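Asks: One-letter residues, chain by chain:
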Amino acid sequence: MESKNYLKDISEIKNLMNKSSRFISLSGLSGILAGIYAIIGAATAYFLVKNSDRGYLILDGYIFKLCMLILALVAILSIVTGIILTTKKAKKQGAKIWDTSSKRLVSNFLIPLITGGTYILILLYQGKYGQTAALMLIFYGLALVNASKYSFGDIKYLGIIDIILGLVAATFPGYGFWLWVIGFGIMHIIYGALMHFKYDRV
Amino acid sequence: MSIINNINKAFDHRIRLGIMSILMVNEYADFKMLKELLEVTDGNLASHTKALEKVEYIKVEKQFIGRKPNTRYSTTKLGELEFKKHINALEKLINKQ
Numbered sequence: 001m002e003s004k005n006y007l008k009d010i011s012e013i014k015n016l017m018n019k020s021s022r023f024i025s026l027s028g029l030s031g032i033l034a035g036i037y038a039i040i041g042a043a044t045a046y047f048l049v050k051n052s053d054r055g056y057l058i059l060d061g062y063i064f065k066l067c068m069l070i071l072a073l074v075a076i077l078s079i080v081t082g083i084i085l086t087t088k089k090a091k092k093q094g095a096k097i098w099d100t101s102s103k104r105l106v107s108n109f110l111i112p113l114i115t116g117g118t119y120i121l122i123l124l125y126q127g128k129y130g131q132t133a134a135l136m137l138i139f140y141g142l143a144l145v146n147a148s149k150y151s152f153g154d155i156k157y158l159g160i161i162d163i164i165l166g167l168v169a170a171t172f173p174g175y176g177f178w179l180w181v182i183g184f185g186i187m188h189i190i191y192g193a194l195m196h197f198k199y200d201r202v
Numbered sequence: 001m002s003i004i005n006n007i008n009k010a011f012d013h014r015i016r017l018g019i020m021s022i023l024m025v026n027e028y029a030d031f032k033m034l035k036e037l038l039e040v041t042d043g044n045l046a047s048h049t050k051a052l053e054k055v056e057y058i059k060v061e062k063q064f065i066g067r068k069p070n071t072r073y074s075t076t077k078l079g080e081l082e083f084k085k086h087i088n089a090l091e092k093l094i095n096k097q
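Protein chains in written order, with full-length UniProt numbering: chain A, 1 to 202; chain B, 1 to 97.
Think of the hints as simulated: they come from the structure by calculation, not from any bench.
In this text, all values refer to a predicted model and were calculated from it rather than measured experimentally.
Every residue gets a Cβ at the ideal spot worked out from N, C-alpha and C, and that includes glycine.
Be aware that one or more of the hints could be misleading.
[What the hints assert, rightly or not] Result set (DSS-like, lysine-lysine): computed pairs, CA atoms no more than 30 Å apart in a straight line: (1) B/Lys62 with A/Lys14; (2) A/Lys128 with B/Lys62; (3) A/Lys92 with A/Lys8; (4) A/Lys65 with A/Lys8.
[Claimed, not checked] Some residues of chain B that are not near chain A, with every Cβ distance over 10 Å (derived): (5) Lys9; (6) Gly18; (7) Ser21; (8) Asn26; (9) Glu36; (10) Val40; (11) Lys50; (12) Gly66; (13) Pro69; (14) Asn70.
[To be verified] Stretch by stretch, here's where chain B covers chain A in the computed footprint (C-beta under 8 Å, at least three residues): (15) 17-25; (16) 95-102.
Next up, chain A with everything else stripped away, as it sits in the complex:
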């Protein structure tokens, strides 16, 4: 009888430690959707470039501007979907969407991401775009690894996979596009599905 109380104590301690330090209402479904957006965006960009007069991408054409626009759209759609579905999930769990744990998660995620994004823009401004896909994968991967301490620990492995894909893309820039599709499209769908079945269906 005594030991039952102690067991309850231990599980309560674990529960509070998790609840107070990690934000666990992230929606897996939003990961799947982000992956789908990325693939649709990449496919659109691919056909735009292939059907253009040149058949490849240059920095100062209007096709390049269109591609940047598609990229921005994919990012915005993914973020908005993520916020909506995560808010919904948090409500269902009776958790707060904007508390200490989610603030910490967002700031730790954004620091590497904004650093990387700014660095890529600086490079593009200087006319160097060969490493863009690689740098996006690497910095996104680092952001995930950094954020994983404040949410589901599993996110770390997605981050590591993206970092590796990014380093491969840096070595073989010719495959950058396809590695980007794997990292941002396919991996998001696989990971989102795994997270969905593991955590969403409670």
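Knowing the structure of chain A, use the given hints to seat chain B on it.
Replies: Below, chain B alone, put in the same frame as chain A:
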């Protein structure tokens, strides 16, 4: 007998144990955060934080954020040590059964 000795009376309450659990994994927590996580009233929480402060297991810092007073709590070295001892004792008791 020695195991029983490590069960710390100061932690022998759900809320005090809860406060320590939260502070162990966070650099600090303010009053509002503790209150929301533990789902207790102001007075209840205040008396338990005071008890932990008295034995010097937690530190209390009062400051202002803008014009609002804000009280934040963190563990002391002693508190961390005692909490770890307490957990080990709990685990040993459970494993014994």
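Asks: The structure should be examined with respect to each hint, and the outcome stated for every one.
Replies: Results of checking the hints against the structure:
no., hint, in the structure
1, B/Lys62 with A/Lys14, "holds (28 Å)"
2, A/Lys128 with B/Lys62, "violated (51 Å)"
3, A/Lys92 with A/Lys8, "holds (25 Å)"
4, A/Lys65 with A/Lys8, "violated (59 Å)"
5, Lys9, "holds (14 Å)"
6, Gly18, "violated (5 Å)"
7, Ser21, "violated (4 Å)"
8, Asn26, "violated (6 Å)"
9, Glu36, "violated (7 Å)"
10, Val40, "holds (12 Å)"
11, Lys50, "holds (20 Å)"
12, Gly66, "holds (17 Å)"
13, Pro69, "holds (18 Å)"
14, Asn70, "holds (13 Å)"
15, 17-25, "holds (count 4)"
16, 95-102, "holds (count 3)"
Figure legend: structure checked against the earlier numbered hints; hints not met, in rising order: 2, 4, 6, 7, 8 and 9.
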